[in-house]
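There are 2 protein chains.
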Amino acid sequence: MPDSYERLVAKLKRAHLLGTVSGLLAWDEQVNLPPDSIDQRSEQMALVAELQHAAAADPDIGALLAELEAQSLLSDIVSEEEARRVVVREARRDYDRLVRLPADFVAERARHVSLAYHAWVGARKAGDFAAFAPFLEKHLALARQEAELMGWGDRPYDYALDKHDPGMTAVTITVLFSELKTGLLPLVRAIEASPVKAPAGLFNDFPVEGQRTLLTEIATAMGFNFRRGRIDVSPHPFCEGCGADIRMTTRFDTDNPLDAIFSAIHETGHGLYEQGLPLAHLGTPLGQPVGMGVHESQSRLWENQVARSRAFWVRFEPRLRELFPGRLAGVSKEQLHLAMNAVEPTLIRTEADEIHYNLHVMLRFELERRLFAGELTVAGLPAAWNALSQELLGLTPPDDRLGVLQDVHWSGGAFGYFPSYCLGNMIAAQFWAVVGKVLPGLEADFEKGDFSRLLGWLRKNIHEQGRRYDTRALVRHVTGEELTPQYLLSYLRDRYAPLYLA
Amino acid sequence: MPDSYERLVAKLKRAHLLGTVSGLLAWDEQVNLPPDSIDQRSEQMALVAELQHAAAADPDIGALLAELEAQSLLSDIVSEEEARRVVVREARRDYDRLVRLPADFVAERARHVSLAYHAWVGARKAGDFAAFAPFLEKHLALARQEAELMGWGDRPYDYALDKHDPGMTAVTITVLFSELKTGLLPLVRAIEASPVKAPAGLFNDFPVEGQRTLLTEIATAMGFNFRRGRIDVSPHPFCEGCGADIRMTTRFDTDNPLDAIFSAIHETGHGLYEQGLPLAHLGTPLGQPVGMGVHESQSRLWENQVARSRAFWVRFEPRLRELFPGRLAGVSKEQLHLAMNAVEPTLIRTEADEIHYNLHVMLRFELERRLFAGELTVAGLPAAWNALSQELLGLTPPDDRLGVLQDVHWSGGAFGYFPSYCLGNMIAAQFWAVVGKVLPGLEADFEKGDFSRLLGWLRKNIHEQGRRYDTRALVRHVTGEELTPQYLLSYLRDRYAPLYLA
Chain A
43 MPDSYERLVA KLKRAHLLGT VSGLLAWDEQ VNLPPDSIDQ RSEQMALVAE LQHAAAADPD
103 IGALLAELEA QSLLSDIVSE EEARRVVVRE ARRDYDRLVR LPADFVAERA RHVSLAYHAW
163 VGARKAGDFA AFAPFLEKHL ALARQEAELM GWGDRPYDYA LDKHDPGMTA VTITVLFSEL
223 KTGLLPLVRA IEASPVKAPA GLFNDFPVEG QRTLLTEIAT AMGFNFRRGR IDVSPHPFCE
283 GCGADIRMTT RFDTDNPLDA IFSAIHETGH GLYEQGLPLA HLGTPLGQPV GMGVHESQSR
343 LWENQVARSR AFWVRFEPRL RELFPGRLAG VSKEQLHLAM NAVEPTLIRT EADEIHYNLH
403 VMLRFELERR LFAGELTVAG LPAAWNALSQ ELLGLTPPDD RLGVLQDVHW SGGAFGYFPS
463 YCLGNMIAAQ FWAVVGKVLP GLEADFEKGD FSRLLGWLRK NIHEQGRRYD TRALVRHVTG
523 EELTPQYLLS YLRDRYAPLY LA
Chain B
43 MPDSYERLVA KLKRAHLLGT VSGLLAWDEQ VNLPPDSIDQ RSEQMALVAE LQHAAAADPD
103 IGALLAELEA QSLLSDIVSE EEARRVVVRE ARRDYDRLVR LPADFVAERA RHVSLAYHAW
163 VGARKAGDFA AFAPFLEKHL ALARQEAELM GWGDRPYDYA LDKHDPGMTA VTITVLFSEL
223 KTGLLPLVRA IEASPVKAPA GLFNDFPVEG QRTLLTEIAT AMGFNFRRGR IDVSPHPFCE
283 GCGADIRMTT RFDTDNPLDA IFSAIHETGH GLYEQGLPLA HLGTPLGQPV GMGVHESQSR
343 LWENQVARSR AFWVRFEPRL RELFPGRLAG VSKEQLHLAM NAVEPTLIRT EADEIHYNLH
403 VMLRFELERR LFAGELTVAG LPAAWNALSQ ELLGLTPPDD RLGVLQDVHW SGGAFGYFPS
463 YCLGNMIAAQ FWAVVGKVLP GLEADFEKGD FSRLLGWLRK NIHEQGRRYD TRALVRHVTG
523 EELTPQYLLS YLRDRYAPLY LA
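Chains A and B are the protein sequences, given in the same order.
Numbering of the first sequence is given in the working numbering, commencing with residue 43 and proceeding in unit increments.
Numbering of the second sequence is given in the working numbering, commencing with residue 43 and proceeding in unit increments.
Fair warning: there could be bad hints in the mix.
What the hints assert, rightly or not - Calculated pairs, SDA-like style, for lysine to any residue (alpha carbon to alpha carbon, straight line, at most 25 angstroms):
hint, chain 1, residue 1, chain 2, residue 2
1, A, K223, A, T521
2, A, K55, B, D100
3, A, K55, B, W194
It should be emphasised that the hints constitute simulated quantities derived from the structure, not laboratory data.
Work out the full structure, taking the sequences as your base and the hints as a guide.
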């Protein structure tokens, strides 16, 4: 007879396994699903979500947790004991939430996620926000209902934020974003006013096959294990799955190879985090990521701090030129570097440079905050979007396709997710400052295409920690400081001022 | 409150829906799965199989069936009533079997299917039967155990056959195959001795893109709905899914475009059957195929009777020449027709022509029969295979890759499946004889690429019937006769004697 802890872990792994099945269904939905097979997929998603919820809210888990909590697992003496303590603590947190969700609510929400996704695809194509509005209304109602069920009925948006980044509240984020905005806007406006402009139109006719080869080589050099993962094509790049099977996607445009490459590097950053979680603990909280902010810190660190650096391209620029003969004949190394670090306001978040990106997130955070506070209605969303876009980005979308309909997230009811992107930027920069101190000579590694020291450090300090720490505790543990936007501001100034304001 | 019948249907659809999730996991396993993600996939398959079994063996289904059986549904008066009668009758058949399978048996078998599949892939690659033998042993033990649980412990192979083609037994098949063999061998030997040989080496350097275009056009012309299905690539072509989402696969060889094309036509035949099942009844027995023999009759009828005909290629030969300019310059229409109807003994079943194919099936049936009867051990299988191969095909495999390890089926524990292929050939020919009488002028349709009358007839008489009839009853219903190999023999003589024995 396995002991209580082993029985708990088996139950947790069962629920997690059903989660991985949902993940595969979701991946397939975006990569492969025939258009008229949507209804069945919605039903599949709903049923698996219901079963996964039932498995995770299994009363036996509650009983086992109570039993283990009563034991002397709360000491912090030996490593195996600490692992158990973390698993029990975090499993309790999950369980106490899950048992408050009725099965039919879980199934209904899963079904609505799938239906609303396809409604959004159609609405965006047609630029018809009104066609999507009822689906968004229902998602908002579901999100409020969920918060109510959880006992957060008076703070539904805080609940949404906490789901993505444990411990985060609207007030905390308002303070962090406000500090970031104060430091960022002068830099943004100065760069926008600079006579230096990144060269445009460098890339024409870069065949997909070459792009695929290059991004595969880069992902491999970064340390991604293709024996436990793959990269496919979808309209919106994403990363799905756990350490046992990672499905990343990118997209190809023959006139914009950097989009495919940087998207793939970004998703590989996510994939490396998942592959670095301890496989032995897969399915338990120790084998799970902390939250979306930390996840995003991993993708951003690779995409921005690493892959937009000069050192990175010492290794890969020759390969780029080799794979696309003649394409970059008249383009200097310096022009290429500037093109990879182009700063330009754009209407579309996913096309934004790493400076403006933060402003796109602030816009969405502000709108979500107002929606949940009842200061804004769904019907009023497009106008509010456009006004904020003008204020923060200096641009007003000509239509909703380029405005309020551009992002997939709300179609999945994923409120409280957007802030994670900006938190991820902050966390990445704060980690990077530590990396700069503890791993001297890293640039020389990068120039040789060797990322093993960096990956090793990330594995040890972040990936292998699983959910041992919450978002802010991890930042404290790794950096010795509270989360602050100041490292992001310094990093952005150090990288972009010499290029644009010298 | 829905009535009992509606509640039954909802329960059946829930179990079916979990079956479609298993189907997608299985499809993805063969099309996409990274090599080291196998263990997790095995666990996913086991868990979903367990849950599907629990849903299908739900005691509520038993109670609802008992209630409905006690009602006056057994009359055969109006169509809606008959539909209910069929659903209740067939659901009872399924249910009575499912409740005899313990959940842990279901999970263990599903897990073993996935592990044995990958063991077989490795063993086949290495030509190492001994590496696969223990997995096959375990599958045999599981199959015997299942038959035992079902109360068929004294006739485990009959149980395996009945699972694939309801009502079929080893004795029935032995009689049918014996009659077929008697008629077939003289034809086979005469063709093998004929001085006429199909031309070889006609196809070199046919780019994959052109093959993909052609087979997509053909599948579309046949009536396949790509809005509810897709075609991908896998090492072994197959068709997975139900009417709501069909996943077919093919494979490409630039020097053998006919393989991709005929494989795709074959799988499209399966796909059309699934898409033709009444969608309103999806998830109930009325929305399910009769069995594998009838399924195979649909793929074979399209692959052989239709797509190897002269009329079919009146429409598609010009397109073939157009898509591959210069490739068939010196090749006459007659040579092409002969190449498409090549008859040549081969070691590999999936490469066999439609005459020899039946001999490959007889070989496997005989070995399965002996294995289950205890006349043959797993260790003795390779030698027995080789001996029978020599006897039936006149060829002895030089190694097990080309012999006993060539097929995927046993790795999935799918004993009793192979005979369906040959039964499918017989059924297709018997249906085709009726088609020839009731749909005059069909060849003129085919010459224009119009398959709508044929598909309409198949839909009405076969697809839309779901599981109203069992295999032999359906043959009686459609053809007015018992299943017999005589139509297959006449069809083969009529097609091949003029080509090879004129």
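Hint by hint, here is what the structure shows:
no. : hint                 : result
1   : K223(A) with T521(A) : holds, 23 angstroms
2   : K55(A) with D100(B)  : holds, 24 angstroms
3   : K55(A) with W194(B)  : violated, 36 angstroms
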